[in-house]
Structure formats: C-alpha cells, structure tokens
Amino acid sequence: MLLFKYIPPIGVVTKMGMEVLGIYLGLLLLWSTVDVIWPSFLGLILLGFSGYSTVPQLITTGFGNVTNIYIMLIFMFAYFVTKSGVSNILVNSIISLKFARSRPWVISFLFLFAAYFVGALVSMTPACVIVWTIFTKFAAEIGYKKSDAYTSYMIVGIALSGLMGFVVFPFRLPSTLIIGMAEQAGYTVPFLSYVIIAFCIGFGTVILYLLLGRFVFRPNVENLKKEYSFGELNGMTRYQKQIMFLVVLLIALLIVQSTMGTTFIGSILTQLGTTGIVLVILMIMAFLKRSDGSPFADLVDAARNGVSWSVYFMLTICLQIATALSDSELGIGALISSFLEPILGTGNGGKIAFILLMTFLTILFTNFMGNNPVAIIFYSIAITYCGKSNVPTALMVSVIGICANASIVFPSANPIAAIMHGMKDWVNAKDIYKYSVPLSIAVWVSASVFCLLLGGKLF
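According to the working numbering, the residues represented by the sequence shown are 10 to 468, in order.
Derived from the structure by calculation, the hints contain no laboratory data.
There's no promise every hint is true.
Calculated lysine to any residue pairs in the SDA-like style (CA-CA distance at most 20 Å, straight line) [as the list claims (entries may be wrong)]:
#1 Lys235 - Trp114
#2 Lys298 - Thr91
#3 Lys250 - Leu201
#4 Lys433 - Thr134
#5 Lys146 - Arg110
#6 Lys155 - His430
#7 Lys466 - Gly396
#8 Lys250 - Pro304
#9 Lys235 - Glu150
#10 Lys298 - Glu231
#11 Lys154 - Lys439
#12 Lys107 - Lys298
#13 Lys397 - Lys466
#14 Lys439 - Ile450
#15 Lys92 - Met245
#16 Lys14 - Leu55
#17 Lys154 - Asn437
#18 Lys443 - Phe369
#19 Lys433 - Trp114
#20 Lys155 - Phe369
#21 Lys360 - Lys250
#22 Lys155 - Lys433
#23 Lys439 - Asn229
Quick list of the computed label-pair ranges, beta carbon to beta carbon [unchecked claim]:
#24 Thr42 - Arg299: 40 to 50 Å
#25 Met269 - Ser156: 45 to 55 Å
#26 Thr142 - Gly244: 18 to 28 Å
#27 Leu106 - Leu461: 32 to 42 Å
#28 Ala438 - Ser317: 18 to 28 Å
#29 Met269 - Asp307: 28 to 38 Å
#30 Phe348 - Ser317: 30 to 40 Å
#31 Asp44 - Val21: 31 to 41 Å
#32 Asn314 - Ala261: 41 to 51 Å
#33 Ser337 - Asn229: 56 to 66 Å
#34 Ala343 - Asn399: 17 to 27 Å
Ideal placement from N, C-alpha and C gives every residue a C-beta, glycine not left out.
Can you build the whole structure from these sequences, using the hints too?
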C-alpha cells in the first residue's frame with residue numbers, strides 16, 4: 010500500500026499511477042481481511058497525500074457525493090419495509106399456494122421465487138433469512154435432516170435467489186455504486202433497461218438451477234409429496250398496506266423518471282433526481298402520523314439502525330479511487346487495455362469474448378472478495394474497453410453490477426454466504442461448495458446469454 014510508489018512503473022503507468030494502484034490493492038486486502046471503516050479512512054488520507062488530490066477535497070467530494078446520500082436514504086427506506094413485517098407476509102403468501110401441494114419442483118420453485126421476490130422488494134438479508142427459516146421448518150416437518158441433499162441444495166439456491174432479487178433494481182449495491190460512477194463519467198443507464206436485463210439474468214439463473222436439480226443433482230424429493238399446512242395467513246395491517254403502497258410508489262416514480270422524462274411529471278421527477286425522489290418519500294413518511302398518534306416513520310431510528318454505515322464510509326473512498334484508476338493521465342486504463350487487446354481481439358469475436366470474459370471474471374473474483382471492490386475493478390476495465398469491443402457501456406456496467414452480487418461460494422464473499430456457512434445444523438461446507446460452484450457457473454451462462462441476446466436491443 011505504501012511501497013508501491015517505489016516500484017518501477019509498469020508499461021505506460023506513471024509513478025503516481027503506481028502509487029494510486031498500491032493504495033487500491035491495499036484497500037482491497039484490508040477490506041477483505043480486516044475491516045471496512047478504518048481502512049477506508051486510511052485510503053482517503055493516503056490518496057490525499059499522493060498528489061492526485063488533497064485530503065479536504067476528497068472529504069468534500071466523498072462525504073457529500075450524491076451517490077452516497079442516495080444509498081444512505083435507500084437504507085433508511087428499506088429499514089421501514091423490513092421493520093413493518095411486510096416481507097414475512099409476502100413469503101408466506103407465495104409458498105402456501107394450493108396448486109403447489111405434492112408437486113416437489115413447483116414447491117422448490119416457490120421457495121426460490123419467494124427469496125427472489127422479497128430480495129427485490131426489500132433486501133437480500135431478510136429475504137434469505139426469512140425464507141431459510143420457513144424452509145427449514147418445512148423441511149424438518151416433512152422428515153428432512155442435516156446434510157440431506159435436498160435441504161443443502163435448497164439452502165444454497167435460496168441464498169442466490171435472494172441475492173439476484175436484490176439487484177433487480179439499480180438502486181441497490183453494488184449496481185448503484187458503479188452506475189453512479191458511470192453517470193459521473195457521462196454515461197446513462199436507463200432504469201427500465203437495467204430492470205429487464207437484471208430480471209432475465211436473475212430469473213434465468215433460478216430456472217437453470219432448478220433444471221440442474223431436476224436432471225443433474227437429482228436429490229430425493231419424495232418427502233415433498235407429503236401434506237403440510239402453513240396455517241392461517243393473517244392479512245396485512247393498515248400500516249403494512251401503507252408501507253407496501255410506498256414501495257410500489259417509489260418503484261413507479263423511478264420508472265417514470267427514467268422512461269418519461271419529457272412529460273410534465275417526468276420533468277419534475279428529473280429535476281428531483283433519484284436521490285430527491287427517495288428524500289420526498291421519506292419526508293412524507295416522517296410528516297405522517299399513525300392512527301394511534303405515533304410517528305409513521307422515525308428517521309432518527311432508521312439512520313441509527315437501518316443504515317449500513319460501514320458501507321457508507323467505504324463509499325467515501327471507493328468513488329474517489331475508482332475515478333483515479335480511470336484517469337487517463339495515470340496510465341492504468343491504458344495498461345489494462347494493452348493486456349486485454351491480445352486476448353479479446355476486435356470485431357464480433359472481440360465483443361463475444363469480452364462479454365464472456367468480463368462476466369466470468371466478475372463472478373469468479375466476487376466469490377473471493379467483497380462485491381463492491383470487484384464491481385469497481387471491472388467497471389474500470391469496462392469503461393476502458395467497451396468502446397473498442399462494440400459493447401454498450403451502460404449494458405456492461407449493468408451486467409457487472411448484477412454479476413458482482415452473485416457471491417455465495419466462500420464465507421468472506423458476502424454476509425449472506427457467511428450466514429449460510431454458519432447454518433451448521435442444516436448444511437456443511439462440502440455441500441455448499443458442491444452446489445454453489447455449479448450455481449455460479451449458471452449465473453455466468455445466464456448473464457452471457459442474455460447480455461448477447463438482449464443487450465443491443467435494450468441499451
């Protein structure tokens with residue numbers, strides 16, 4: 010981290026470029042093995058002393074960046090959705106459908122879809138934890154036990170379904186991080202186009218995994234033909250209906266802002282921006298009172314308990330270092346391009362190879378390192394090479410953000426993976442690797458196929 014500036018420059022990389030690269034690699038190591046917050050502060054200070062910028066400038070642009078504020082507000086909004094209990098009701102409603110009874114692979118699909126659906130509407134953590142809880146209760150009731158092939162298969166599948174659902178909208182990490190960087194660089198990622206490609210990749214992966222289970226892994230599913238009752242489902246309270254309405258409203262406003270910017274309402278939403286839209290929703294929630302006179306939403310509570318401050322602090326340096334890495338004067342982008350040129354070639358062959366390679370490497374490295382750093386690394390490469398390979402930059406930014414969240418193999422890759430590895434009563438590490446590695450390949454196949462088939466039409 011500190012000694013890189015003393016290493017002779019590699020190729021076209023400048024001395025300052027070597028120093029910035031050293032800071033970046035040091036941050037990746039510390040983020041993956043030690044902590045998030047203090048290494049981020051250290052990286053900001055070191056970058057300020059590198060000559061690239063100054064510490065006061067980095068603090069101003071880091072903490073005041075609109076992307077950071079947007080992510081903080083989204084965390085606060087998601088906190089109210091989770092706290093209200095809406096996600097529990099949604100999951101129980103999905104997996105208790107009568108047409109699925111005694112049909113093993115329909116039941117399996119509904120569990121995976123439940124995790125995907127709640128991950129999309131709320132967050133990946135409640136999606137996975139809630140569906141895991143309901144599934145293990147269900148599995149025990151019908152006679153499954155620890156390390157049975159079917160339970161291990163489903164626990165891994167639920168994890169990735171929640172992760173894929175989480176990134177179906179572009180205001181979720183790591184997608185929102187690199188989309189923000191792309192927009193700062195002058196590119197536009199259409200909201201609806203992102204949602205379509207993210208849905209196709211995520212849902213395509215779920216279907217591929219079910220096919221792998223049905224025809225390749227072939228776990229024993231006879232127990233699923235037994236009768237099981239989920240009990241009576243309680244309807245939503247008035248408060249929960251109001252929260253659900255706000256979730257739908259937020260998504261609708263973001264779609265209108267992205268696709269109907271020339272209309273009267275669209276122009277107002279464009280002036281607000283995505284951050285302003287969330288801010289208005291939270292303002293309304295804070296203004297309203299519940300029927301008993303209590304606050305509809307306590308923003309202080311949400312800021313205290315809903316915001317992942319470690320992520321926020323990491324973003325203060327992430328945006329700065331990514332900008333530095335892509336600075337043409339430092340030569341890092343040119344070096345990456347020179348390495349990729351012989352591999353990827355040019356023309357259509359280069360385009361296909363570029364998409365296959367970028368999706369594969371993103372999925373590979375995100376299983377060893379944090380999602381956000383991996384997204385930043387391959388975002389930097391995409392910005393450099395998309396034009397040469399005739400791939401829309403907005404498409405590649407979207408797909409990188411989606412693939413960077415497919416981290417389920419090792420416990421260090423993602424909090425969801427860590428929780429899954431800790432479920433010792435139901436699954437062991439050997440079985441997690443048995444199912445998660447092929448599932449990661451399924452993500453790669455799905456991402457590559459839909460990128461090639463739909464990318465040119467959507468972006």
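Comparing the hints with the structure gives:
1. Lys235 - Trp114: holds, 13 Å
2. Lys298 - Thr91: Holds, because 19 Å separates the two Cα atoms, which is no more than 20 Å.
3. Lys250 - Leu201: Given pair Lys250, Leu201 is violated - Cα atoms ~25 Å apart, limit 20 Å.
4. Lys433 - Thr134: holds, 18 Å
5. Lys146 - Arg110: holds, 16 Å
6. Lys155 - His430: holds, 13 Å
7. Lys466 - Gly396: holds, 17 Å
8. Lys250 - Pro304: The given pair, whose Cα atoms are some 16 Å apart, holds under the 20 Å limit.
9. Lys235 - Glu150: holds, 10 Å
10. Lys298 - Glu231: It is violated: about 51 Å lies between the C-alpha atoms, which goes past 20 Å.
11. Lys154 - Lys439: Since the Cα atoms of Lys154 and Lys439 sit roughly 16 Å apart, the hinted pair holds (cutoff 20 Å).
12. Lys107 - Lys298: violated, 38 Å
13. Lys397 - Lys466: holds, 19 Å
14. Lys439 - Ile450: holds, 17 Å
15. Lys92 - Met245: Holds - the C-alpha atoms of Met245 and Lys92 are around 14 Å apart, at most 20 Å.
16. Lys14 - Leu55: The hint holds at about 12 Å.
17. Lys154 - Asn437: Roughly 12 Å separates the two Cα atoms, so the pair holds.
18. Lys443 - Phe369: holds, 19 Å
19. Lys433 - Trp114: Between Lys433 and Trp114 the Cα gap is close to 25 Å, so the pair fails against 20 Å, i.e. violated.
20. Lys155 - Phe369: Between Lys155 and Phe369 the Cα gap is close to 32 Å, so the pair fails against 20 Å, i.e. violated.
21. Lys360 - Lys250: violated, 47 Å
22. Lys155 - Lys433: Since the Cα atoms of Lys155 and Lys433 sit roughly 8 Å apart, the hinted pair holds (cutoff 20 Å).
23. Lys439 - Asn229: Between Lys439 and Asn229 the Cα gap is close to 18 Å, so the pair holds against 20 Å.
24. Thr42 - Arg299: 40 to 50 Å: holds, 45 Å
25. Met269 - Ser156: 45 to 55 Å: About 52 Å separates the Cβ atoms of Met269 and Ser156, which means 45 to 55 Å holds.
26. Thr142 - Gly244: 18 to 28 Å: holds, 21 Å
27. Leu106 - Leu461: 32 to 42 Å: For Leu461 against Leu106, whose Cβ atoms are near 34 Å apart, the range 32 to 42 Å holds.
28. Ala438 - Ser317: 18 to 28 Å: Between Ala438 and Ser317, where Cβ atoms are some 26 Å apart, the hint holds.
29. Met269 - Asp307: 28 to 38 Å: holds, 33 Å
30. Phe348 - Ser317: 30 to 40 Å: For Ser317 against Phe348, whose Cβ atoms are near 34 Å apart, the range 30 to 40 Å holds.
31. Asp44 - Val21: 31 to 41 Å: holds, 34 Å
32. Asn314 - Ala261: 41 to 51 Å: Violated, at about 27 Å.
33. Ser337 - Asn229: 56 to 66 Å: holds, 58 Å
34. Ala343 - Asn399: 17 to 27 Å: For Ala343 and Asn399 the Cβ distance comes to about 19 Å; the hint holds.
Hints 3, 10, 12, 19, 20, 21 and 32 from the list above are not met by this structure, while the remaining hints are.
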